[in-house]
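One line per chain: the protein sequences are D and S, in this order. Number 17 in numbering that gives the first Met the number 0 belongs to position 18 of the first sequence; there are no gaps in the numbering. Number 147 in numbering that gives the first Met the number 0 belongs to position 148 of the second sequence; there are no gaps in the numbering.
Identical chains blur together in the list; that is why a pair holds if it fits in one copy or across any two.
Here are the computed lysine-lysine pairs in the DSS-like style, where the Cα-Cα straight-line distance is at most 25 Å:
| hint | residue 1 | residue 2 |
| --- | --- | --- |
| 1 | K327 | K241 |
| 2 | K395 | K316 |
| 3 | K328 | K241 |
| 4 | K302 | K395 |
| 5 | K111 | K316 |
The set of hints was computed from the structure by calculation and includes no laboratory data.
Listed below, chain by chain, are the residues.
Protein chains: 2
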Amino acid sequence: MARNTQVAADHNAPLVTQILAEFVATHPGYRAGGWSAAVDHEAHRTFMNWLGCAVGAARHEALEAALAAVNLLQPAAQASVLGRPEKVDMASAALLNGISSHTFDFDDTHLKTIIHPAGPVASSVLALAEHTKASGRDVIDALVIGIDVSCRVGNAMYPEHYDRGWHITGSTGTLGAAAACARLLKLDTQQTAMALGIAASQPVGMREQFGTMTKPFHPGAAARAGLMSALLASQGFTASPKALEAPRGMMQTVSTKNDWLEITGELGQRFEISFNSYKPFACGIVIHPSIDACAQLREIFAKEGIAPEQVERIELKVHSLVLELTGKKEPVDGLQAKFSVYHGCAAGLTFGHAAEEEFSDEIVNRADMVTLRRKVVATVDDSIDEASADVTAVLKGGRRVHVFVKHAIGSLENPMTDAQLEAKFHGLTDALLGAARSSALIGACWALGDSADVTALAALATARA
Amino acid sequence: MARNTQVAADHNAPLVTQILAEFVATHPGYRAGGWSAAVDHEAHRTFMNWLGCAVGAARHEALEAALAAVNLLQPAAQASVLGRPEKVDMASAALLNGISSHTFDFDDTHLKTIIHPAGPVASSVLALAEHTKASGRDVIDALVIGIDVSCRVGNAMYPEHYDRGWHITGSTGTLGAAAACARLLKLDTQQTAMALGIAASQPVGMREQFGTMTKPFHPGAAARAGLMSALLASQGFTASPKALEAPRGMMQTVSTKNDWLEITGELGQRFEISFNSYKPFACGIVIHPSIDACAQLREIFAKEGIAPEQVERIELKVHSLVLELTGKKEPVDGLQAKFSVYHGCAAGLTFGHAAEEEFSDEIVNRADMVTLRRKVVATVDDSIDEASADVTAVLKGGRRVHVFVKHAIGSLENPMTDAQLEAKFHGLTDALLGAARSSALIGACWALGDSADVTALAALATARA
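My request is simple: use the sequences and hints to build the entire structure.
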């Protein structure tokens, strides 16, 4: 796929985050030493002027609407933190469940855009639905429609928006969450437009955060912001009715590519959730073909009696995006390993799979894994699709064993089966909920569209205190 | 000042916000009619896969940290909604006070960047300080330092970032609020860097929202996001230590102009709060010179006995930015009138001033005001600075009365005095708090830097139930 990054990145920027952090944390900040009396007086003027403005507008309809929306979050024990005993207000539940669902980088992927659509959408939907005791049918409907909105906006802006630095899951996710929650709240068209408009001012997420907790924070923050946008709209809060498409609206501000037909074409006929996929491996999707290829190598080795020690070198050829996203050569922990195609290859070759356990700090730092990943020599070949991988094991003595993976397991062409999804679910939840409860929860998931009330499912998904 | 907008705006985009709103609000969304059984099954797979991922990570340290931060907001009656009797959690107070402080568009302006710095920073600081019973000294320090951070980042990116469509108050405000709250929480350098990093993923605000409630929502949402970023960092949440400056970090993602020296130069010596200004008029800063000029015309008219009916035409020459931001010719209400230089001229000529009252729906729609604003003929002249205005009243019979305002009242060169600020404060607060209480609050503001505990000031700023 054609890519061009419009403005050359500046790789020589000074470390301004650190410089500002030192300034903020350590500047003495006292009139006598840190700054002049004039600066200090200006601070008082600034504070007083701000305070007067805030008091003055205290009864404005904008504040009445916003306060009414905030009050919908009280009292606070409204929705479940999944996998735990705590209940929190629904906006915080959206945030927290959005974070946890993306923490393992094991969630779903809309492959056309690399959006992980459920994180923002399902997290906001379940939190709101649990509090409002919505039906399972309404939850499914909101999910389909919310995911359609975020992925269609993503289709319109991808790849320029993503190339520029946006974590597209968070930046489009706010819109998807707002759409889903507006739907669940049964807002009318006008209020729904306002919900989308308020959400349009809150795109979340920069790719620089990959490998830190702020990456999974993105879908969580998007879920929260989308839910709040719908709640604000339900209380009469207003936004521009052209907040997405106007010249100074969201889409033109965060992307120079905007293919509007991706939004309007076949709307209500083609549903983007049809193109959703699920990860068999607990890491960035672009590593999957490489893991799959190395797992296939492992099978060949087993069949032919080749020991791992005989491997001199793994030659890996992949699309440039793979190394751009997951080129960490020496990951120091599990989180970093999720962005290391080198670790992915070592895991595939050693275990034949790569679930969350294979991204534990312990395994990432195991001596044999470190040795093996250092044998991986990755080169860029943009004639290879980013969904494929070309792997050759070069053995001592010079023999070459070659595997080419066109479509990795979990891709649209080679999807996980329902049974594989159930096995993946058990692998994730048994330790926290027990196997029996996990099975019951799986049953509740399949029956969700017919259930009268989603609260029973939510209760099953929580752990005893 | 030189400006260039990198990519031509698309003024012919379809109305996708409305199209999506209709789709979300009205699509039947039932398996039997709205979409195929395959789509519905995919929705169940998506939901189950998401749920398993969320449960699976329920005990991850990222979720522990995020839940701990959310729990800091409970129980909820932590901080005052200014001018009202309610108390809410501190994050909601930051949101609400940020909204109200910018609702009248009457707050402060950092003229180099058109940032309204107090909205995000002071709103987050006072909410946190009230809950933690911080000293007034710590509040002032946090205010100076938070405003320095947001305005320095703004200086680095302005004007490209703003031209592109970002409401720079919200986009840099999250960082300023995070810095101020990190300071107030006495986070160390490492945690402060994380707070700035988490905030960097949450720039808020598009210019398309001007004229709607979502414009004042921007500083509110930035205040809330910045406060939460600091709370998250205090509980061990992590982000990239290069989240601002990296090629895929915030600044390079949202701006193609990044002058790093604006951040690092004279840090701790030059304080951007010194360049803050306060509005005498309750509307966008770029209208002020035009209002001031028309108010001066009014004085000339009064002196010379010229009646308003004698005015045939008002010729207004201003920088292109003025019409770009405030070119609404036929405002239908007070909120829109704040973005109408035409209404501003009519108010200046009629009243000699333009406080909140002169932007009421009633006055905006008064027949004489409508007649007068339609007499204003605005033309662009980029040789005139955006802080100036050239106004000529053409009278019946052909006489021309000319006023040129180089620096409007409220500008850095012609600042409001402390006494004028106090009068402005009374004008905003007397109706809500009473004159005596407003005077006491003014006293508390001037004494803030010496006060042991900010809660007394916060209590004065609330209304009785």
